[in-house]
Every structure is written in C-alpha cells, then in structure tokens.
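Full structure from sequences and hints, please.
From first to last, the protein sequence lines stand for chains A and B. Heads up: the first sequence begins at 1 in the numbering used here, then just goes up one per residue. Heads up: the second sequence begins at 1 in the numbering used here, then just goes up one per residue.
Keep in mind that the hints were calculated from the coordinates and are not lab data. The structure displayed is predicted, hence computed values, not measured ones. Hints should not be assumed to be uniformly reliable.
Said to hold, decoys possible - DSS-like mimics (lysine-lysine), calculated; alpha carbons at most 25 Å apart, straight line: (1) A:Lys120 / A:Lys207; (2) B:Lys533 / B:Lys62; (3) B:Lys51 / A:Lys231; (4) B:Lys533 / A:Lys231; (5) B:Lys453 / B:Lys423; (6) A:Lys316 / B:Lys51; (7) B:Lys426 / B:Lys65; (8) A:Lys380 / A:Lys54; (9) A:Lys316 / A:Lys380; (10) B:Lys533 / A:Lys528; (11) B:Lys29 / B:Lys51; (12) A:Lys231 / A:Lys663; (13) B:Lys426 / A:Lys316; (14) B:Lys426 / B:Lys584; (15) B:Lys423 / B:Lys584; (16) A:Lys54 / B:Lys423; (17) B:Lys65 / B:Lys29; (18) B:Lys426 / B:Lys21; (19) B:Lys426 / A:Lys54; (20) A:Lys231 / B:Lys423; (21) B:Lys533 / A:Lys527; (22) A:Lys316 / B:Lys423; (23) B:Lys51 / B:Lys62; (24) A:Lys380 / A:Lys528; (25) B:Lys279 / A:Lys632; (26) A:Lys316 / A:Lys663; (27) B:Lys29 / A:Lys528; (28) B:Lys65 / B:Lys51; (29) A:Lys231 / A:Lys54; (30) B:Lys65 / B:Lys423; (31) B:Lys315 / B:Lys62.
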Amino acid sequence: MTASVETPPKPAPEDVTSIVPRKGARARPLFDPPIVKRAVGDSFRKLSPRVMMKNPVMFVVEVGAATTTALAVRDLAAGAAIAGFSLQITLWLWFTVLFANFAEAMAEGRGKAQADTLRKTKTETMARRLRGSSEESVPATALRSGDVVLVAAGETIPGDGDVIEGIASVDESAITGESAPVIRESGGDRSAVTGGTRVLSDWVKIKITSNPGETFLDRMIALVEGAERQKTPNEIALNIVIAGLTIVFLLAVVTLQPFALYSVAASGSGSAPTVIVLVSLLVCLIPTTIGGLLSAIGIAGMDRVMQHNVLAMSGKAVEAAGDVNTLLLDKTGTITLGNRQAVEFIPVGNVNEDELADAAQLSSLADETPEGRSIVVLAKQKYNIRGREVGEHEARFIPFTAQTRMSGVDIDGRRIRKGATESVAEFVHEQGGAVPDELTDITDRISRSGGTPLVVADGNRALGVVHLKDVVKGGMRERFQQLRAMGIRTVMITGDNPLTAAAIAAEAGTDDFLAQATPKDKMDLIKKEQAGGRLVAMTGDGTNDAPALAQADVGLAMNTGTMAAKEAGNMVDLDSNPTKLIEVVAIGKQLLMTRGALTTFSIANDIAKYFAILPAMFMTTYPVMAQLNIMKLHTPQSAVLAAVIFNALIIIALIPLALRGVKYRPMSAASLLRRNLLIYGVGGVIAPFPGIWLIDRLLGVLHLA
Amino acid sequence: MTANGILQIALYMLVIILITKPMGLFMAKVFAGERTFLHPVLRPVEVAIYKLCGIDEQTEQKWTKYAGGVLIVSLVSLLFTYLLLRLQQWFPWNPAGLPNVGTDLAFNTSASFTTNTNWQSYTPESTMSYLSEMLALATHNFWSAAAGIAVAIAVVRGFARHSMSTLGNFWVDFTRCLVYILLPMSLVGALLLCSQGVIQNFHPYQKAVTVEGAAQTLPQGPFASQESIKEIGTNGGGTFNANSAHPYENPTPFSNFMEMVMIFAIPAGLTYTFGKMVKDTRQGWAIFAAMAILFLAGVFVVYPFEQTGNPILAKMGIATQATDTQPGGNMEGKEVRFGIANSSLFTVITTDASCGAVNNMHDSLTPLAGLVPLVNIELGEVIFGGVGSGLYGMLLFAVLAVFIAGLMVGRTPEYLGKKIEQKEVKMMMLAVLVLAFSILCFAAYGVLANFTKGGWINPPGPATANFNNSGPHGLSEILYAYTSGTGNNGSAFAGINANTPFFNLTIGLAMLCGRFLMLIPLLAAAGSLAQKKLVPVSAGTFPTHGPLFVALLVGVTVIVGALTFFPALSLGPVVEHFLMYQGKLWS
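See below:
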C-alpha cells in the first residue's frame with residue numbers, strides 16, 4: 001500500500017444505488033506508513049497501567065505478563081531448562097497486550113493525522129475587528145462572541161460567525177475537502193461561516209458567534225482526535241459482559257490449582273501446573289480478542305463516519321444511527337433533485353409536439369430559472385430543437401412576475417407566453433382566442449400526479465402544456481427498498497399539498513409522507529414516533545429545523561445550514577448532502593455488527609484452547625489425558641505456547657476487520673444473523689483448531705518448543 | 001440401548017409436550033387473575049387468605065418490594081424450620097422419639113428446604129419426627145416452590161410490561177400459586193401415588209421379622225403427600241434416605257413415570273405461560289425447544305453409557321449385553337424394577353429440573369453418565385429447571401445470547417421488544433458470576449481445607465478424609481456436593497459423609513448464594529425491563545423464535561455455562577472415564 005497525499009475525487013452524488021459505506025473524500029489506505037509508525041510508538045506508551053486499567057480484559061493480560069516476566073527472570077537466573085519456555089510465553093503475553101494497544105493506536109492514528117492537517121489551518125490569523133467606524137487588527141484568538149470583523153478577498157475568516165453584511169464566495173475546502181467555492185451572504189440560511197475558511201472574492205462583515213477554544217474547528221479537531229471520546233452505552237454494556245467473563249474464567253483458573261493438587265496427590269505422579277501455564281490458560285480463555293479490539297472498533301466507526309465527511313459529535317450518535325427505526329427525509333434536495341424539470345410537452349387541438357416544443361423553448365431562452373433551463377434542454381434532447389441565438393431577431397423578453405404569473409417573449413411579431421393555467425388562459429382570451437376544454441383536463445391530470453402544468457400560448461392560440469415535475473433522484477427507490485429490508489421506515493417531509501406529496505412519495509417509494517409540514521408538525525411526528533419506542537433520524541439546515549434536530553435521536557445538520565441547526569444536530573455533514581443520512585445509518589449498524597461478530601468469535605475460540613492446554617497441563621498427572629489432545633500437539637510446552645501465540649496473532653489478524661468493520665449488506669435481521677452466526681460463531685469454534693495445530697508444527701520445526 | 005428403553009423415553013417426551021400447553025395456559029390464567037375451573041371452589045379460600053393477612057389484591061409492587069416479599073417468606077420459614085428442628089424432641093408426633101437436630105445440620109436443612117434445594121445430609125427416617133417432616137419440611141416444599149414460581153412470573157412481567165415500574169404483587173402471586181396450582185396438583189398427585197402403594201399414615205414404626213428371622217424396623221408415615229409435592233415443586237427431599245428408589249416412595253414403574261412427569265409439569269408449562277404472557281407463544285416454544293434439546297442430549301449420553309456399563313467387568317467375562325431377561329449394562333445402584341432406561345431418564349430429569357429426587361444412586365453412574373448430572377446443574381438448572389427458577393435462569397441465558405450475538409444484526413440487542421442495556425447486562429453477569437463463584441470456590445476450599453486441630457467444625461485432618469472414594473471420583477463427589485447446593489438441586493453423589501459442621505455450613509451457604517444471589521439480580525433486571533418502552537418489531541428485529549435462535553440459545557447456554565467448569569470436570573469424570581477404559585481401579 002502506498003501513502004497518498006492528494007485528495008481522491010469525491011463520489012458523484014448521483015451514485016446512490018448502494019448504501020454500503022464506501023470510502024469517501026478522506027479515505028486513506030488502512031496501513032498508512034506514517035500512521036503505522038506512530039501507532040507502534042503509541043502501543044508502548046499505552047502499556048502504562050493507568051491507561052490499561054480502563055480495559056479490564058487487557059489489564060488482566062498485562063498483570064499476567066508482568067507475573068510471568070518475574071518468573072522467567074527467576075528461571076533464567078536459576079538456569080532452569082524451562083527458562084526458554086517461560087521466556088517465550090512471557091514475550092507472547094507482552095505481544096498480546098501490545099497488539100491490542102496497536103489496534104487502538106491505529107484506529108486513533110487516522111484521526112490524529114487528520115487533526116494535524118486541520119491544525120495547520122488554525123495558524124495565527126489576524127482579524128480586522130470593527131469598533132464602531134474604526135477598524136483594529138487583533139489576533140484571531142482574541143476574538144470573542146459578539147465581535148464584528150471585516151474579511152476581504154484573499155483573507156482567512158478568523159472565527160465562526162454569521163454574515164451580517166455583504167456577499168462573498170468562500171473556499172471551505174479546509175473543513176470540507178470540497179474545493180468548489182460556496183456563496184455566503186447575509187440573511188437567510190446561507191449566512192454561517194466557519195473559522196479557518198478563506199474568502200475568495202468580495203467582502204463580508206461577520207458577527208463572531210464563538211469564543212476562542214470553542215470554535216467549530218476546535219471541536220472538529222477534538223472529535224477526530226478522539227480526545228473527548230467517551231464510551232458509548234452499548235460499548236459499556238459489552239465491556240461489562242467481557243469483564244464478567246474475565247472474572248468467571250479467573251475463578252475457573254484459580255480454583256483449578258486446588259483441584260490439580262488434589263489430583264496429583266491422588267494419582268501420585270506428575271506435578272501441579274506452574275503459574276506460567278495457569279496464566280497462559282487464563283489469557284487464552286478470557287475474551288482478549290474482543291477486549292483488545294473493542295475500543296479500536298468504536299474509534300474506527302467514528303473515523304468511517306468522518307471519511308464520509310460527516311462530523312459526529314459523539315460516538316453515541318453513531319451508535320444510535322444503527323438503531324434508527326424511522327428516517328425523516330426532506331423531499332427537496334434529498335429525495336428529489338429539488339427543482340421542477342420539464343419532462344413532457346403535451347400539445348392541444350391540432351398543434352403538433354414540435355411546434356409546442358419550439359414555442360416553449362423560444363419563450364424560455366432568456367429564462368434563467370431551473371424550470372426554464374430544463375425546458376430548453378428537454379426540447380433539445382427530445383425534439384432536437386437547438387437553442388438559438390436570438391440576437392439577430394427583434395426579441396423582447398417578458399420576465400415572470402408574481403402579478404402576471406407568466407413569462408415569455410415577443411419575437412418577430414409573435415407573442416409567446418408560458419405560465420400558470422388561469423393567467424395564460426386570460427391572456428389568450430384577451431388576444432381574442434379560446435382555450436380548448438381538453439387543456440383543463442390535462443392540467444388537472446398533471447396537478448393530480450404531483451406535477452406542475454405550464455400552459456404555452458402563441459398569441460390567441462393555446463398550444464399545449466409543459467409538464468414540470470419534481471424529479472426523484474436516481475436510485476432512491478432501490479435505497480428505500482433496502483432500508484425497508486433492514487426494517488427502517490422512511491417518511492418524506494414536504495411542504496407540498498397532500499396530493500402532490502402522495503404522488504411523489506409513491507414514485508420515490510417512501511413508506512409514508514408528511515405533507516404541508518410545518519416545523520411544529522415535524523416535531524410532533526418525531527415525538528409521536530419516539531413515544532412508540534422508535535428512534536428517529538432526520539436532516540435539516542434551517543434555523544426552524546433546530547428544535548426537531550435536537551429532538552431527533554440522530555440529527556444530521558448540513559454544513560451550509562445555519563449555526564443554530566449545526567448546534568442542534570448531533571452530526572454535521574460537511575458535504576451538505578442530506579442523502580448521506582442513509583450511509584450514516586449503515587455505518588452505525590456496521591459498528592454494532594463488528595462488535596457482535598468479534599465477541600462471538602472470541603468466545604467460540606475458547607473450546608479449541610481447552611483442547612490444547614488442558615491435556616498439556618495434566619499429562620504428567622494422568623497420562624490418559626493425552627486422549628483429549630485431539631490436535632496431536634507434539635509436546636505439552638508447544639501446546640501451551642501454540643495456544644498463546646494463536647491468541648496473540650488473532651488480534652493482529654483481526655485488526656483490519658476491526659478498523660474496516662464487517663461487511664455489511666442490507667438484508668433482514670434474520671438472514672444477517674444466520675450469515676454472521678455461521679461465519680463468526682461456527683467459524684470461531686473451528687478456526688483455532690488448524691491454527692493452533694499449524695503453530696505447534698512450526699514451533700517444532702524451529703525447535704522452539 | 002434397547003428399543004423398549006428408547007420408546008419409553010420418547011413416550012415421556014411426548015407426554016411432556018402434550019401437557020405443556022394446558023399447564024401453561026392454566027398458570028397464565030391464574031397469575032392474570034382470570035377465572036379458571038377451580039375458581040368456584042378455591043376463590044373463597046384465596047379471598048379469605050387476603051382478608052386474614054391484610055393483603056390488597058390490587059396493589060402492585062416495584063421489584064425491590066417484590067424481592068423483599070420473597071426474602072421475608074424465606075427468612076421467616078428458615079427461622080421457623082431451624083427452631084422446630086432444634087426443638088422437635090419436645091413436640092408431639094414423634095413416635096420414634098427422635099432427638100433434637102444439631103445446630104449445623106438444622107441450619108443446613110432449613111437453608112436447604114428454604115432454597116428449594118432439599119439437600120439432605122442426614123437420614124430422614126432416623127432424624128426427623130413426623131411433625132418436623134410435615135410442619136417444617138413439607139410446608140417448605142410448598143413455600144419455596146411458590147416463591148420460585150412467583151419470581152419467574154415477576155421476571156416474565158418485566159418482559160411483558162412496558163413503561164411500568166411494578167412487577168405485580170408478591171403476596172398475591174404467592175397465594176395464587178399455592179391455592180390454585182400447588183395444592184390441587186399435589187392432592188391429585190398424592191392420591192394417584194397412593195393408588196400405586198405409596199403409604200400415608202401416622203402409625204409408629206412397625207417391627208417386623210424377616211424370612212431369615214432377623215428383626216427389622218419398618219418406618220411408617222405420611223409419605224404420599226410429601227412425595228407428591230416433592231416432585232411437583234421440584235424439591236426432591238425424600239422421607240427416606242433412599243429417596244425415590246425406596247418402594248414406599250416409588251413402588252411401581254407407573255409411579256416412577258408419574259413422578260418423572262410431575263417433575264417437569266410446572267417447569268415445562270411455565271415456558272408456555274411465558275409465551276402467553278408476552279403475547280407470542282412462539283417465544284415460549286422456542287425456550288421449550290432449547291430446553292428439550294439439552295434434555296434429550298443429556299438422556300442420550302447417560303443412557304448409552306449406562307447401558308454399555310463398565311468395560312472392566314466386561315473384560316472379566318461378565319455379560320453386560322441387554323437380553324430379554326437381563327438388563328445388562330451398569331446396574332450398580334439401580335432398582336431392578338426401574339432398569340437402565342428409566343434410571344437414566346430419571347437421573348437426567350431430576351438434575352435438569354432442580355429436583356434432586358433420585359431413583360438410583362448417581363454415585364454409581366459410569367463416569368461420563370455421571371458428568372451429565374453435574375453439567376446439568378452447572379448450567380444453572382435451566383433445562384426446564386426448578387419450578388420458576390428454571391424459566392428465569394433460561395431467560396438469563398436468552399438475554400445473554402441476544403446480547404452477544406444480537407449485536408451481529410447491527411442493532412442494540414433487543415429481547416421481546418426490550419432493549420438490553422447496561423443495567424440488565426450487569427445483573428445477568430452478576431448472576432452468572434455467583435453461580436461460578438459458589439460452585440468453584442467452595443469446592444476448591446473443600447479440597448484444600450485441612451483441619452490440624454480436631455474440633456467442632458470437622459474431625460482433624462483434611463476435609464477430603466470424609467470422601468468415600470479417592471482419585472478422580474472423589475473430586476467428582478465434592479464438585480457434585482457444591483454444584484448441587486449452589487444449583488439448588490439437592491441430589492448427591494452421596495460419596496461424602498457430608499454431615500459434618502464444615503460441610504453443613506459451606507453447603508448451606510452455597511445453597512443460599514445460589515438461590516438469593518441469582519434471584520435478586522434477576523428481579524432487578526426485570527424491574528428495569530418493565531420500565532422500558534416496547535420497540536416495535538420490524539424486519540430489522542433480531543428474531544427470537546424459530547430454529548436459529550434455539551440453536552443460538554443452546555450454544556450460548558453450553559459455552560457460557562459449561563466452559564467455566566470444563567477444567568474442573570476434566571480432572572473429575574472425564575479423566576475417570578479414560579482411566580476406567582484403561583482398566584485402572586481406585587479404592
């Protein structure tokens with residue numbers, strides 16, 4: 001694998017057919033050499049008992065390793081024949097701890113590397129603070145909430161705030177990785193700016209909204225670095241289980257010694273197992289695999305969210321995403337492309353389609369609205385009518401106004417108009433023409449289907465209707481189907497009337513819709529769902545979304561949105577792509593699945609280890625115990641060593657899985673369970689047998705035991 | 001194995017399957033306070049009890065109060081029994097003139113009967129007066145069983161209810177269980193047993209002269225009533241040392257079959273009650289199926305090993321093959337009238353359920369057949385299990401299974417619509433820990449203990465001197481003693497002279513740990529579950545019915561339950577088995 005410094009291209013937003021998490025803008029190779037180098041160092045630093053204490057399972061291993069170290073030194077000093085064995089066990093026990101630390105350090109390393117990049121943008125900038133009419137130059141760190149600063153082209157925005165005057169294009173790539181500049185202007189939902197981004201053109205006056213140390217950039221650095229990482233509820237519960245199992249096995253191993261002493265006395269031969277062997281048994285039995293990788297899984301989950309350019313404020317939010325039962329999706333921008341597009345020309349009377357298309361295109365040539373442009377494009381694509389230069393003609397464009405509710409062009413004596421049905425009908429009447437009855441039928445039909453009819457007339461002749469439609473993004477239907485298979489209900493939120501909403505919801509394939517939704521309706525829906533025991537996820541960007549974002553279990557705010565929305569949500573999408581909510585859900589699920597898979601695997605592994613270590617322990621006392629040595633491990637020492645080595649190596653072998661997450665496919669819980677139970681449960685029972693056997697053979701070949 | 005034997009096992013299983021639904025339905029109705037066919041007769045009794053005790057039928061209790069009720073009943077009955085045993089000499093109904101019971105034995109026995117264990121480190125017919133049997137021990141059989149069932153019902157309510165802080169009323173559940181379930185069932189059971197020849201009288205012990213002219217004392221007493229509740233309440237404490245192997249307790253093959261059915265009747269029925277209460281009977285059948293698989297697995301280990309018998313005998317030219325007239329196999333410690341199949345079946349049943357009644361001597365089982373009762377109890381008595389305790393124990397494993405593997409579907413684990421979170425997991429792990437701690441630590445202490453000075457606690461010398469067997473079998477015996485105590489089973493390998501203050505005290509403590517330190521965390525978990533909201537079922541929900549979950553539950557029960565004990569067991573029955581096939585003998 002090679003180190004890559006340039007930012008790979010972002011995935012095209014249309015590529016939405018798969019909800020399997022994929023590498024996004026911030027992808028790095030899994031084993032990036034600088035990260036590995038730092039992780040190796042960190043794994044030793046983490047050996048400090050104060051750090052290890054937080055992980056009860058690995059702490060037990062460390063205590064075990066320290067014990068065997070002392071015993072190995074004693075054996076060495078005494079020149080005992082067993083010293084080689086003691087030394088090897090000791091080494092492998094330390095490796096076990098180090099491997100677990102390495103996993104955690106690797107998971108953290110990716111975040112740390114990213115934090116370093118972010119820190120670079122935090123270099124000292126000077127701010128032009130406005131005090132009344134005067135201007136003073138102060139360091140950015142001296143800015144307090146409420147200060148007003150002026151930022152001109154080429155300057156870096158010194159802190160988070162809202163634009164109160166002016167309009168500018170801003171390069172936010174430092175935060176989002178997206179190089180295309182965005183427009184920031186006073187008022188509305190596009191007024192928020194983030195410290196560390198750069199104004200490219202024009203100027204803006206910004207009212208600072210955060211104090212030093214609390215800026216978005218500061219929080220982002222802390223988050224990706226994992227400095228504020230707290231264990232998530234599910235992680236704590238799992239920790240209780242594995243700590244409990246550790247105590248149970250500790251009891252099993254500690255009480256084994258009295259039973260062994262009794263047996264030695266009874267059979268009159270052999271000796272009780274040494275402390276080194278007992279420690280080895282203990283370490284092999286306690287769930288070190290999951291214990292060693294648990295925190296790495298959590299950190300890597302957060303990191304995966306980050307790779308999708310989503311900033312999760314807490315691990316809890318990511319975990320909650322996996323549990324989500326209901327997704328509230330805004331229609332505009334999420335389910336549909338967000339602007340109505342012409343999809344069809346329907347002529348009336350004896351007018352043919354080409355004539356209608358030609359007139360419609362002519363009337364739209366100067367129309368810069370998305371609707372107008374889409375008419376030009378449709379006419380070109382479908383009827384091969386090219387856009388014309390109207391310069392040589394005597395043309396006068398009539399812009400759309402709220403009063404006339406139509407627009408058009410006067411060209412070469414023709415008066416072409418397009419607009420709302422009533423307005424254009426009135427225009428035709430004024431010109432002395434009549435509107436055919438079928439026109440009303442067509443416009444009604446389009447309205448009912450959720451579209452918008454645009455009537456086109458040429459003078460006193462009504463030519464036909466342009467069908468404008470809010471186009472559903474490609475692949476959304478499939479996505480909603482996958483979500484349904486996972487047991488997640490989708491609800492489309494729209495300000496449209498119920499009729500239109502129903503039509504679009506049916507086309508997109510959402511399970512339900514909320515029409516004519518006010519912020520309060522949205523809030524009520526969330527509360528209703530939550531009262532029914534369901535977890536709700538939603539996206540939002542406006543200030544009036546903030547209460548709902550705060551109420552939802554997973555609130556994904558858009559980076560382009562207002563500061564209020566960003567504060568209220570528990571995640572911020574730096575790409576401002578609301579569809580990403582679905583990916584976040586998948587990552588949350590993957591996180592939980594990885595934990596479950598490794599826990600199951602870890603516990604299932606124990607069976608084989610018994611068959612390796614128990615006969616080795618008691619072969620001298622009861623030679624018949626050899627019958628339990630079903631792997632035919634060649635000596636008792638190599639059997640114990642092989643089990644310990646396997647136990648350590650499995651941690652290293654599973655680091656990629658812990659960091660990447662188990663493969664996730666959208667399917668029902670029943671089939672997921674069957675699949676994963678087979679791989680990690682049954683696989684976990686079987687895998688160690690050949691593994692331990694192979695290590696035993698290698699030890700034999702290398703004369704190590 | 002013989003075809004006849006297998007047929008009898010199959011018949012038994014069939015009968016259990018058939019009675020599960022009616023039993024479960026009836027119990028669900030009783031605990032929901034609905035009318036049953038017994039209400040016209042027994043409802044006045046129930047109401048009278050509430051009036052007498054000042055119980056408000058409508059009041060509900062939080063888990064803490066509910067657990068408080070269990071503890072009060074247990075403590076009061078423990079003290080009452082202790083005092084009665086200590087003073088029995090001065091009370092009537094003691095025709096044999098038996099003396100007062102010693103302090104340690106009285107403690108052990110009262111702990112034993114309070115915890116539904118019925119471990120008896122004494123010979124009943126020469127220790128207990130009729131009054132002690134009836135007033136102290138027989139009432140315990142009802143009380144401890146009713147308390148166990150009530151706790152199970154409360155735990156199930158934890159799953160069935162949502163957004164509630166209460167689990168029901170202990171006193172009401174306790175009363176209903178006694179009035180509608182245990183008393184009527186044991187009455188019918190006692191009459192049926194009488195019909196087979198089990199005695200029920202208050203006569204003094206009879207003197208008889210044997211054919212050879214020797215004098216013999218024949219104990220008499222009210223045995224049928226004791227015998228019936230002993231099985232129905234999975235108590236297991238017999239009125240004879242030989243327990244259900246004694247002809248007065250278990251005279252015929254039919255009485256034997258009946259007793260076996262009586263042991264599983266309530267535990268099996270409760271799985272259906274559970275399904276009914278959580279409004280999805282498939283959930284109940286899934287639990288039943290997991291239990292049935294583990295049960296049959298046990299039977300089909302014990303039976304073939306017992307039928308094969310001891311290879312050392314076979315080498316000596318002794319026929320061990322079953323023939324039309326000879327049972328073959330290992331008949332040591334077995335009653336001829338029951339034979340190998342029914343002895344094996346009884347062994348597994350009594351140790352699956354925490355009954356502990358025996359119709360054969362477990363100490364005489366071949367090593368691996370003897371391993372099965374040990375493992376059965378060490379799993380936590382969850383294979384049908386004790387009345388009530390079996391269900392709540394299995395629900396513990398179900399929650400653990402859901403927690404460990406349930407994460408693999410990518411959601412916070414849920415069981416029956418309840419999210420399994422920190423608090424539940426903590427309580428469940430606590431229960432698992434208690435089980436392991438009590439069995440392993442007490443047994444290890446028993447093996448290590450060495451008394452240099454003679455004295456009250458134990459004769460001088462190591463505690464192991466009380467073992468009748470040396471070698472691996474001795475280890476099995478001591479493991480069995482503490483396993484049986486902790487698991488509240490009460491059966492014994494009987495190879496230990498356990499009636500020393502040392503064993504009476506430690507086993508008594510193990511019984512109390514195994515009962516109350518399991519039950520309190522489970523009630524706590526149930527209290528927390530009842531408060532949760534119900535998560536609606538969707539395609540994303542982990543399915544907890546159907547074969548996949550059953551397999552998972554069996555796997556988790558075996559792995560989590562047995563892995564802990566595997567090292568200890570390997571030095572006991574497992575190595576004994578290997579040695580037996582090598583021809584090695586122990587004194």
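Next pair to validate is Lys29 of chain B with Lys528 of chain A; report whether the Cα-Cα distance is within 25 Å.
Violated. Lys29 of chain B to Lys528 of chain A sits at ~34 Å, over the 25 Å cutoff.
Proposed proximity, Lys527 of chain A with Lys533 of chain B (alpha carbon, max 25 Å)
14 Å, holds
Has the given pair, Lys120 of chain A with Lys207 of chain A, been kept, meaning a C-alpha gap of at most 25 Å?
Judged against 25 Å, a Cα distance of about 24 Å means the pair holds.
Given the hint that Lys423 of chain B pairs with Lys584 of chain B, does the C-alpha gap stay at or below 25 Å?
51 Å, violated
Is Lys316 of chain A close enough to Lys380 of chain A, meaning Cα to Cα at most 25 Å?
51 Å, violated
Compare the distance between the alpha carbons of Lys231 of chain A and Lys663 of chain A with 25 Å, and conclude whether the hinted pair is satisfied.
23 Å, holds
Check the hint pairing Lys231 of chain A with Lys54 of chain A against an upper bound of 25 Å on the C-alpha distance.
Holds, at about 11 Å.
Under the criterion that the straight-line Cα-Cα distance not exceed 25 Å, is the pair Lys426 of chain B, Lys584 of chain B satisfied?
46 Å, violated
Holds or violated: Lys316 of chain A with Lys51 of chain B, Cα cutoff 25 Å?
Outside the cut-off at roughly 52 Å; violated.
Take the C-alpha atoms of Lys533 of chain B and Lys62 of chain B, compute the straight-line distance between them, and say whether it is at most 25 Å.
17 Å, holds
Lys316 of chain A and Lys663 of chain A were given as a pair; does the straight-line alpha-carbon distance stay at or below 25 Å?
21 Å, holds
Can you confirm whether the C-alpha distance between Lys380 of chain A and Lys54 of chain A stays at or below 25 Å?
With a Cα-Cα distance of about 66 Å, the restraint between Lys380 of chain A and Lys54 of chain A is violated, given a limit of 25 Å.
When each numbered hint is compared with the structure, violations occur for hints 3, 5, 6, 8, 9, 14, 15, 18, 24, 25, 27 and 31.
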